[in-house]
Amino acid sequence: AQSVTQLDSQVPVFEEAPVELRCNYSSSVSVYLFWYVQYPNQGLQLLLKYLSGSTLVESINGFEAEFNKSQTSFHLRKPSVHISDTAEYFCAVGYFGNEKLTFGTGTRLTIIP
Amino acid sequence: NAGVTQTPKFQVLKTGQSMTLQCAQDMNHEYMSWYRQDPGMGLRLIHYSVGAGITDQGEVPNGYNVSRSTTEDFPLRLLSAAPSQTSVYFCASSQSGTSGADTQYFGPGTRLTVL
Numbered sequence: 001a002q003s004v005t006q007l008d009s010q011v012p013v014f015e016e017a018p019v020e021l022r023c024n025y026s027s028s029v030s031v032y033l034f035w036y037v038q039y040p041n042q043g044l045q046l047l048l049k050y051l052s053g054s055t056l057v058e059s060i061n062g063f064e065a066e067f068n069k070s071q072t073s074f075h076l077r078k079p080s081v082h083i084s085d086t087a088e089y090f091c092a093v094g095y096f097g098n099e100k101l102t103f104g105t106g107t108r109l110t111i112i113p
Numbered sequence: 001n002a003g004v005t006q007t008p009k010f011q012v013l014k015t016g017q018s019m020t021l022q023c024a025q026d027m028n029h030e031y032m033s034w035y036r037q038d039p040g041m042g043l044r045l046i047h048y049s050v051g052a053g054i055t056d057q058g059e060v061p062n063g064y065n066v067s068r069s070t071t072e073d074f075p076l077r078l079l080s081a082a083p084s085q086t087s088v089y090f091c092a093s094s095q096s097g098t099s100g101a102d103t104q105y106f107g108p109g110t111r112l113t114v115l
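Protein chains in written order, with our numbering: chain A, 1 to 113; chain B, 1 to 115.
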């Protein structure tokens with residue numbers, strides 16, 4: 001069985017400061033890893049995903065995440081956040097042959113002006 | 001493309017009432033699913049479907065029914081609403097039912113309150 005842990009339920013960050021949102025997973029098989037973002041009063045949308053190959057994946061709005069197999073982590077980072085990044089971020093894990101995703105409990109990112 | 005649409009956006013029910021949450025997608029996706037989102041618990045899978053005529057249970061299926069008669073539609077039925085079913089419900093779809101790597105596309109959600 002798979003599980004996803006997001007230890008930080010809330011992360012306040014000053015505008016233009018860097019941020020890291022942590023995600024750890026457990027699985028007995030090879031996994032696919034996802035970060036989804038939920039802006040206020042909206043559904044979730046994909047931010048980035050790791051399937052294979054380069055362990056560093058990037059999104060179009062400056063976020064990046066690094067797959068670390070030895071530490072079973074997939075932390076999300078951004079070097080300089082903006083007010084528009086205020087949202088809840090969900091880490092999710094899936095695996096080959098099965099479309100079901102297991103989601104973490106989410107991290108609410110609050111940007112302080 | 002409208003993507004994934006859900007109706008209604010908001011609903012208030014009394015305990016014991018039944019209702020159907022509608023979900024439709026226009027992307028010809030094989031996989032569709034229903035999640036509920038509760039504070040501090042993330043998203044939990046209720047039911048899912050890998051194609052028309054095929055449905056299966058997720059993590060929290062009790063009290064809910066689904067059917068998939070067409071590729072486009074995947075309604076979620078609450079048989080006898082209970083206060084524990086107060087939640088935000090999201091429908092999602094993805095292209096394949098067997099890849100595991102596909103992006104899931106989410107609807108805007110239905111906020112349900114059961115009194």
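Hints are not guaranteed to be accurate.
[To be verified] Some chain B residues near chain A, calculated using beta-carbon distances under 7 Å:
| # | residue |
| --- | --- |
| 1 | P8 |
| 2 | P39 |
| 3 | G42 |
| 4 | P83 |
| 5 | T103 |
| 6 | L112 |
[Said to hold, decoys possible] Here are a few chain B residues that sit away from chain A, every Cβ distance over 12 Å (derived from the structure):
| # | residue |
| --- | --- |
| 7 | K9 |
| 8 | D26 |
| 9 | Q37 |
| 10 | S94 |
| 11 | Q95 |
Everything labelled a hint here was simulated from the structure, so no lab data went into it.
Every value quoted in this text rests on a predicted model; they were computed, and no experiment measured them.
Built from N, CA and C at the ideal position, the CB exists for glycine as well.
Hints and how they fare:
1. P8: 15 Å, violated
2. P39: It is violated, given that the least Cβ distance between B:P39 and chain A is near 9 Å, above 7 Å.
3. G42: 4 Å, holds
4. P83: 22 Å, violated
5. T103: 5 Å, holds
6. L112: 15 Å, violated
7. K9: 10 Å, violated
8. D26: For B:D26, whose nearest Cβ neighbour in chain A is about 15 Å away, the distance exceeds 12 Å, so it holds.
9. Q37: 9 Å, violated
10. S94: 6 Å, violated
11. Q95: Given that some Cβ of chain A is not farther than 12 Å from that of B:Q95, nearest at about 9 Å, it is violated.
Violation of the numbered hints given earlier is confined to hints 1, 2, 4, 6, 7, 9, 10 and 11; the remaining hints are satisfied by the structure.
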